[in-house]
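**Student:** Go ahead and model the full structure; you've got the sequences and the hints to work with.
Note that the protein sequences, when read in sequence, are chains A and B.
Note that our numbering has the first sequence beginning at 1, numbered continuously upward.
Note that our numbering has the second sequence beginning at 1, numbered continuously upward.
If several chains are the same, the list does not tell them apart, and a pair holds so long as it fits within one copy or across any two.
Calculated pairs, DMTMM-like style, for lysine to aspartate or glutamate (alpha carbon to alpha carbon, straight line, at most 25 Å):
(1) Lys-145 / Asp-36
(2) Lys-145 / Asp-177
(3) Lys-6 / Asp-64
(4) Lys-62 / Asp-91
(5) Lys-62 / Asp-144
Calculated from the structure, these hints are not laboratory results.
There are 2 protein chains.
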Amino acid sequence: MAFAMKLIFAPASPFARKVRILIIELGLQDSVTLVDAGAVSPVSNNGDLNSVNPLGMLPALKLDNGDSLSDSPLICEYLNDLADGPFFPSDANRRFRTLGLQALADGMLDLSVALRYETTFRPEQLRWQTWIDFQNEKVQRGLDKLESICNQFEPTPLIGEITVACVLGYLDFRFADLDWRAGRPALTDWFEQIMLLESLANTRPG
Amino acid sequence: MAFAMKLIFAPASPFARKVRILIIELGLQDSVTLVDAGAVSPVSNNGDLNSVNPLGMLPALKLDNGDSLSDSPLICEYLNDLADGPFFPSDANRRFRTLGLQALADGMLDLSVALRYETTFRPEQLRWQTWIDFQNEKVQRGLDKLESICNQFEPTPLIGEITVACVLGYLDFRFADLDWRAGRPALTDWFEQIMLLESLANTRPG
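**Tutor:** This is how it looks when you write it as structure tokens:
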């Protein structure tokens, strides 16, 4: 079965990276054309992107029939369904376990991206240190949680594990000073192993 | 089958409202105890909430077995699954159509809540008008999209329609000046009809 979908993405977007990983893992490279949206920020408009997603957010998937889908967990589930993939299991226990992990990791990504916006796009005199401190604490608590549960991660990654890898990769990319590995040896080892996957190695943010 | 779950919520949270509506629609009122988290803001800590969701975000569901789930779409899907409800259809077309609508509406909620934080919690001298203008435009574009598709909404609401009702209710609650009804007669009529549902009428934000 052939498709002619388009994924609007940005090379630095961790949410788009998750979809790009799924596309590779599901062997859908010939069915989805990647379209680089160029620079996207919370204070710029991109007409092409807005026509696919009125909220102007990445990633956005344009389907064969002209419809579109936004929101990375949804796009991933759609592609997994299309290719009959294993990343969203149907068994309720495994399904909600990996979706719960995905939600935690996506929440950490939301916080991290918001922190990035605050500390780069927002004019310096308008930044709010108290807010920055609270969001940083939340990311740290999320990392501690991941350290405590990563010994229960699936040996063959599901959508939850893939999302965790995208968070850690994003922190390395944008928040190297945060040094998330410090005091988290299990998570450090796990990340080193999962980064051996070609789909992850070939989608490093940049 | 009886459950003893706990939902940590706040009366003003539109994300928590969505879950509260599902609980009523699914007849799970005796299985889920609602626990009011009290005042929650991006710059406050709530130890009880953090112990259930390390990111400190509402709503959070504590399960019988001690595990927890966060993120309103996931909690809703979990409860729907538990009660064998109709709100997340299994047929792929209907499923991705309603999940797409949910994602649009949840995206509008994220933007609206961020706008609310910017214009109330953030100290006045640190607010960024350019950002506020861009986020407002996104919400307006989302509303225009809803106006253009609401004649295709399901007559018996699925999770997508319920989420749309939560956005419109939140805009009425926090952004009455925005006057979302202006120029959107179809959406206005649709909202009036859906608000006749007891589960919606009884969960108005406050």
